[in-house]
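*Asks:* The lines below spell out each chain.
2 protein chains.
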Amino acid sequence: MTIPEITSLLAKRDRRAVARAITIVENQGPDSGPLLHTLAPKLGNAYRIGITGPPGAGKSTLTAELTKLLRSKGKTVGILAVDPTSPFTGGALLGDRIRMGEIAMDEGVYVRSMATRGSLGGLSAKAKDAADVLDAAGFDFVLFETVGVGQSELDIASAADTTIVVLVPESGDAVQAMKSGLMEIADFFVVNKSDREGADNAVRALKTILSFRVTHAAEEWIPPVIKTTASKNIGMEDVLREIESHRQHLESTGQILTRRKERERERVHELVEAMLRIDFWTPERAAKLESELEKITAHEKTSFDLANELIAEFGKKG
Amino acid sequence: MTIPEITSLLAKRDRRAVARAITIVENQGPDSGPLLHTLAPKLGNAYRIGITGPPGAGKSTLTAELTKLLRSKGKTVGILAVDPTSPFTGGALLGDRIRMGEIAMDEGVYVRSMATRGSLGGLSAKAKDAADVLDAAGFDFVLFETVGVGQSELDIASAADTTIVVLVPESGDAVQAMKSGLMEIADFFVVNKSDREGADNAVRALKTILSFRVTHAAEEWIPPVIKTTASKNIGMEDVLREIESHRQHLESTGQILTRRKERERERVHELVEAMLRIDFWTPERAAKLESELEKITAHEKTSFDLANELIAEFGKKG
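Protein chains in written order, with our numbering: chain A, 629 to 946; chain B, 629 to 946.
Treat the hints as calculated values from the structure; they're not laboratory data.
Among the hints, erroneous ones may be present.
Which copy is meant is left open, so a pair is good if it fits within one copy or across any two.
As the list claims (entries may be wrong) - Distance condition first, Cα-Cα at most 25 Å in a straight line; then the derived BS3-like pairs of lysine-lysine: (1) K640 to K670; (2) K670 to K923; (3) K889 to K916; (4) K929 to K670.
Given the structure is predicted, the values throughout are model-derived calculations rather than measurements.
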């Protein structure tokens with residue numbers, strides 16, 4: 629498929645074109661830039677939701693149930709399951725895809741696992757590009773699901789309009805969320821598996837922690853905390869209501885544009901860094917690094933000295 | 629304190645000099661490079677151990693108990709508690725420091741929390757620099773402790789000679805470790821809190837998963853799995869024995885030098901990227917980015933187009 633072919637098929641939400649286009653942006657090859665350029669005028673429809681939280685919180689189940697609910701309201705949904713690929717297991721874990729099985733047969737849903745390790749510009753560049761593909765293909769919602777631990781969680785928040793942090797009732801989860809930086813990225817919290825003991829305590833703990841947050845402005849958003857049992861399809865309407873409520877907040881305050889600008893600013897930074905890296909690490913410079921490493925491990929010079937030398941040469945040469 | 633003063637006081641393991649030197653490398657100011665340059669000839673004594681794993685696994689307790697054991701054998705220990713600083717909580721969590729209280733009074737121990745968010749060259753550059761300070765100050769061991777979720781865990785592995793992954797007996801932890809990339813970085817596993825139910829199952833599960841790993845060479849290291857209950861000081865001698873065993877393995881196979889080279893290679897890459905970023909983002913270029921963001925959010929151009937324009941200018945100008 630050529631780029632014009634992909635672009636015209638994408639407009640019809642053709643699954644093969646969507647798949648092909650995501651592969652192109654995922655591989656970050658020479659077609660990636662031109663494709664994204666062609667898609668630019670078609671962007672702006674999809675609302676982007678990040679679903680994150682510690683491992684075992686039930687994010688996949690919640691994503692699947694939320695998708696079913698959105699489908700029942702006639703909305704189309706693209707899901708990007710973002711997985712820090714393990715060279716050990718050889719890719720995304722099968723389980724996540726199996727659980728998605730039911731909805732993956734639905735024409736109005738597109739599910740894609742994305743490998744993220746070792747990508748230029750980090751996970752978020754790829755995930756944002758893939759979300760743009762889904763947006764251009766006319767999906768109403770893009771859900772980013774991260775499979776657990778990692779920088780990926782924070783990256784995904786920057787790619788989303790609304791970020792949901794999913795926790796379980798077990799004590800300590802709230803504190804761990806605070807430690808790991810999840811507090812800052814949450815637009816709202818879901819205490820999932822809330823048929824387990826301690827759910828009300830967990831909600832209270834989260835609300836208490838959130839109440840310490842200094843509110844700077846009257847229109848500031850205070851993240852709500854809601855309970856769900858996604859595996860029994862309990863509380864999903866509440867999740868959707870909070871998403872809509874947050875979306876209205878972003879739109880009425882104009883913050884949606886601020887967020888989107890911030891996202892594009894970050895994306896330019898990521899792309900520039902990836903490009904600079906490619907320009908800088910010529911075979912000659914890489915060879916010099918290798919030959920000088922001996923001196924560094926022998927403590928005859930430091931990595932700082934070598935970095936300075938390499939940079940000085942780059943400045944002269946360019 | 630001037631750099632020569634710091635350097636000469638460091639040789640006597642003067643605590644104020646250690647603190648000052650770590651602050652310098654943490655701030656990455658103009659003194660940082662020259663200081664590291666001065667310290668280079670004094671490096672190579674400290675053995676570096678990374679202690680990581682999911683939140684709540686008891687890493688702080690294990691770090692404290694391991695430190696006491698090393699002290700009882702006459703070894704000096706520097707501890708770097710690496711914390712993805714939260715702008716919300718305003719810094720490292722106090723709890724981690726309180727638990728360290730007992731050992732922090734010991735002259736042969738130095739404990740330091742490091743904030744990591746927003747640092748140039750990422751967490752690992754700073755952590756490696758701080759470890760170099762402790763190494764130059766003559767500490768026998770440097771322990772990196774990460775406080776939970778995040779890229780920091782993978783970064784720390786690249787800064788350490790031996791990486792310990794701490795898990796709890798609860799089912800699923802092994803699978804989550806596999807998902808989150810902890811499997812690849814572990815030189816050995818500790819199932820902590822093993823007085824809880826399921827410890828033997830957890831050990832078996834880990835060993836099973838590890839047995840799937842393809843062994844490429846006869847001298848390849850197979851990560852052992854041991855049980856501890858750090859809070860009751862059970863199993864700490866086993867931890868130390870595995871550290872020594874892994875250290876001997878690295879030394880006898882020459883892999884210790886390979887690891888150290890890899891570490892310095894990565895550090896040069898990080899430094900180069902940080903320097904390029906500073907060179908690139910002049911006020912003019914940053915202003916151009918801001919003024920063009922409107923066009924991107926209006927879908928008139930893409931972040932890819934803008935990144936390309938900025939890079940083309942940079943090439944010409946340099």
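*Asks:* Please go over all the hints and tell whether each is borne out by the structure.
*Replies:* Here's how the hints hold up against the structure:
no.	hint	result
1	K640 to K670	within (12 Å within a copy, 65 Å between copies)
2	K670 to K923	between (53 Å within a copy, 14 Å between copies)
3	K889 to K916	between (39 Å within a copy, 14 Å between copies)
4	K929 to K670	between (53 Å within a copy, 11 Å between copies)
The structure agrees with every numbered hint stated previously.
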